[in-house]
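A.B. asks: Just so you know, the sequences run in chain order A and B. According to the numbering used here, the first sequence is numbered sequentially starting from 7. According to the numbering used here, the second sequence is numbered sequentially starting from 3.
There's no promise every hint is true.
To be verified - Lysine-lysine pairs mimicking DSS-like chemistry, simulated, CA-CA at most 27 Å apart:
#1 LYS111(A) with LYS12(B)
#2 LYS430(A) with LYS12(B)
#3 LYS113(B) with LYS137(B)
#4 LYS277(A) with LYS430(A)
#5 LYS287(A) with LYS277(A)
#6 LYS430(A) with LYS111(A)
Just so you know, these hints were derived from the structure itself, not from any lab.
Here is what each chain is made of, one letter per residue.
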Amino acid sequence: MPEGLHPVWIIVRREVRDQFRDWRIIFPIIGLTLLFPFLMNFTAQQILGFARGYGADIVGERLVPFLMMIVGFFPLSASLVIALDTFVGEKERGSIEPLLNTPLKDWQLYTGKLLAAIVPSLTASFLGMAVYLGGLGLQRVPLPELELTLLILVLTMVQAVVMVSGAVVVSSQATSVRAANLLSSFIIIPIALLIQGESVLMFWGTYTTLWWAVFGLLVLAVLLVRVGLAHFRREELLGREIDVLNFRWGWRIFWRQFTGGAANLREWYFKAVPSAVARIKPAVILTSLFALVSIGLGATQFQRFQLDIPTADLGGSLGQVVQLLPTLSARPILLIWLQNLRVQAIGLILGVFSFGILGFVPILAGMGISGYLVALLANNGIPALTAITAFLLPHSIFEIPGLILASAAVFQFGVLIATNDTDKTIGEVAISALADWAKIMLGLVMPLLLIGAAIEAWVTPQIALLLLS
Amino acid sequence: MIVSEGLTKKFDEFMAVDDIHLDVPTGQVLTLLGPNGAGKTTTVRMLTSVLRPTSGTARVAGYDVIREPERVRASVGVLTENHGLYRRMNALEYLDFFGSLYGMPTAERRKRSELLLEQFGLTDAGSRRLGEYSKGMRQKLALVRAMIHNPPVLLLDEPTSAMDPESSRMVRDAILSLRSDDRTIIVCTHNLAEAEVLADQIAIIRRGRIISYGGLAEIKRRFLGDPQFEIRFAAPLSGLPDPGDAVRVSALGPDWLRYSTADPNRQNPVVLRRLMEQGLAVVSLQESGQSLESAYLEAVNQVPEGVNHA
Numbered sequence: 007m008p009e010g011l012h013p014v015w016i017i018v019r020r021e022v023r024d025q026f027r028d029w030r031i032i033f034p035i036i037g038l039t040l041l042f043p044f045l046m047n048f049t050a051q052q053i054l055g056f057a058r059g060y061g062a063d064i065v066g067e068r069l070v071p072f073l074m075m076i077v078g079f080f081p082l083s084a085s086l087v088i089a090l091d092t093f094v095g096e097k098e099r100g101s102i103e104p105l106l107n108t109p110l111k112d113w114q115l116y117t118g119k120l121l122a123a124i125v126p127s128l129t130a131s132f133l134g135m136a137v138y139l140g141g142l143g144l145q146r147v148p149l150p151e152l153e154l155t156l157l158i159l160v161l162t163m164v165q166a167v168v169m170v171s172g173a174v175v176v177s178s179q180a181t182s183v184r185a186a187n188l189l190s191s192f193i194i195i196p197i198a199l200l201i202q203g204e205s206v207l208m209f210w211g212t213y214t215t216l217w218w219a220v221f222g223l224l225v226l227a228v229l230l231v232r233v234g235l236a237h238f239r240r241e242e243l244l245g246r247e248i249d250v251l252n253f254r255w256g257w258r259i260f261w262r263q264f265t266g267g268a269a270n271l272r273e274w275y276f277k278a279v280p281s282a283v284a285r286i287k288p289a290v291i292l293t294s295l296f297a298l299v300s301i302g303l304g305a306t307q308f309q310r311f312q313l314d315i316p317t318a319d320l321g322g323s324l325g326q327v328v329q330l331l332p333t334l335s336a337r338p339i340l341l342i343w344l345q346n347l348r349v350q351a352i353g354l355i356l357g358v359f360s361f362g363i364l365g366f367v368p369i370l371a372g373m374g375i376s377g378y379l380v381a382l383l384a385n386n387g388i389p390a391l392t393a394i395t396a397f398l399l400p401h402s403i404f405e406i407p408g409l410i411l412a413s414a415a416v417f418q419f420g421v422l423i424a425t426n427d428t429d430k431t432i433g434e435v436a437i438s439a440l441a442d443w444a445k446i447m448l449g450l451v452m453p454l455l456l457i458g459a460a461i462e463a464w465v466t467p468q469i470a471l472l473l474l475s
Numbered sequence: 003m004i005v006s007e008g009l010t011k012k013f014d015e016f017m018a019v020d021d022i023h024l025d026v027p028t029g030q031v032l033t034l035l036g037p038n039g040a041g042k043t044t045t046v047r048m049l050t051s052v053l054r055p056t057s058g059t060a061r062v063a064g065y066d067v068i069r070e071p072e073r074v075r076a077s078v079g080v081l082t083e084n085h086g087l088y089r090r091m092n093a094l095e096y097l098d099f100f101g102s103l104y105g106m107p108t109a110e111r112r113k114r115s116e117l118l119l120e121q122f123g124l125t126d127a128g129s130r131r132l133g134e135y136s137k138g139m140r141q142k143l144a145l146v147r148a149m150i151h152n153p154p155v156l157l158l159d160e161p162t163s164a165m166d167p168e169s170s171r172m173v174r175d176a177i178l179s180l181r182s183d184d185r186t187i188i189v190c191t192h193n194l195a196e197a198e199v200l201a202d203q204i205a206i207i208r209r210g211r212i213i214s215y216g217g218l219a220e221i222k223r224r225f226l227g228d229p230q231f232e233i234r235f236a237a238p239l240s241g242l243p244d245p246g247d248a249v250r251v252s253a254l255g256p257d258w259l260r261y262s263t264a265d266p267n268r269q270n271p272v273v274l275r276r277l278m279e280q281g282l283a284v285v286s287l288q289e290s291g292q293s294l295e296s297a298y299l300e301a302v303n304q305v306p307e308g309v310n311h312a
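All chains, full assembly: derive it from the sequences and hints.
C.D. replies: Structural data, given as structure tokens:
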């Protein structure tokens, strides 16, 4: 064993041994591993018989792998409890400090605790599934096909890692076991929703989508482990005692980051905002690349989702649109602007809960739809260049940079959360990243989208009318 | 062995430890004295590289606490304030676990565990679950854990709290014997009598700052003035005895005399000779009225905030 991993093994061994001495862990695991699968065997047999009675064999057969997933998932609930307790529980019992005083490196301690929470429960989970499959074989119930069995095993494993790594992050950041248990709903609810989604996909038999779910969970698991390692601090573990939200402290950090030390508005606009943009430069480049790829992908979809556009009286239709958007009326501008801001707010919410990744959704969707529409119009006889110039170019000159900046700022939030920062707590990092996002939104994105909305309402329809009537 | 310069720790706006300078050579015991919340534990945590100083530096066993945290921790044995043991393990398993984290070979772990358990009277309880241990036994085991890897530096936070007098004595003797083994020890304690027995140096800490730092005699002199001595006579005094001009008489009783002197080694024999020349039968001569407790209370109440006596 590599020298660096030896301490990890020591931690895992002790923790696992300790778990197997606790009857409160042993009894449920034995029950869920050796008794529950037989109950599920019985259930499977009954459902198969019932479904056959109505000639709905396929419903019964699809239920067999679903029950296997349930058998595998139940023992994992123990891993959640263990993981939630792993750091904060030891802190409460006072046994964490002697451990922190040893020469263990942070990653060794963290990885040891993580593995100790995953391995026993996952072993129980696999054992339970094996008992379930064995029971099915004995009852001569057709076993799920090999790909699906493999898929369920991999899904269970990845779900275990996601749950446990999320719970360990909670445990290492929470101030008490009670707080960790309360926060665990942020893990349980998404996982429950995920299992419901997986069940639906399993009934549909869309295994490719399930493999994508595995991939997505794998990315999430890696990010959660990364976040946990990046923000694991001995100091924080010992120092934090208070559970109360400190709004004043939060506001102070936000304001400091938001103003960037600027003394006046001019300084803020010409120094603080550009420095925030400079910090997200790699994210801007990445977002721009994704936007380009998305346009290309959207353009390829027009054959899949074909629509006939009546181009004969396009001029007349555009004329009606122009009448709806009277020049120099502020109302359409506000409507377009607020809609775009709403989309960015949704992007932020998605990004916050996905380490920035889902923050790309608004721009990818927007660009993909634009690519699709241009390709569709081209297919209906309007040259692509004309379509772009008529419908997109005038306002997109302002809108697209705004959207790219907004998406990049959300992605940067995720990047910062997953990055090691020795000087800040995870809360400080999150507040600072939000302040940067707000700064970029207020300083650049909102003005750009407002100008874009004005052009979209007043100028674009006129150009479209001019070019296409 | 332990040197710190300007060691400071700030939690947000709260200054927990402010500009601590320490210099504890090998073989010495430094006692950190101070009220609850004075910054003793924070200082110890910085010296074990568990807390990162806001500013300042420290070297422990030759290693920098900021740049070489793992080496510092490998060289230090720490008895923490909350010694929280793993209740489902027995003592031998517990010590084996910590010994292995310090990279000790199996045979050495076993040998040292048995030796230390014997030294602290825990041999018979070696295979009992730690959940069954009494408070004092747990404290002793925590101390054994701190010493399992035979570290050159020991940082002990309240080592005898919760112990009965016999166990306290055992631990105090152990600490004294460890000092003679060329170790450097820092003891945080509220027990002033214990500090008086153990300390080579004393640092009185209040609100994160060291308000007094030095040897026991030096600290007593600083806050209580010159040492005081009391002479008892075999018979009641008939007049005012004359101990000489080099000492200052502070009190006189029917059969006793109290005086203070800055140089007791030279003056005490002179005083005794003079009194006996006056025909007085001296029964005893002893230092009086200058306990560490008096000096400590004087220091804590007397020194204004922000003053650093080093």
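A.B. asks: Which numbered hints are broken by the structure, listed smallest first?
C.D. replies: none
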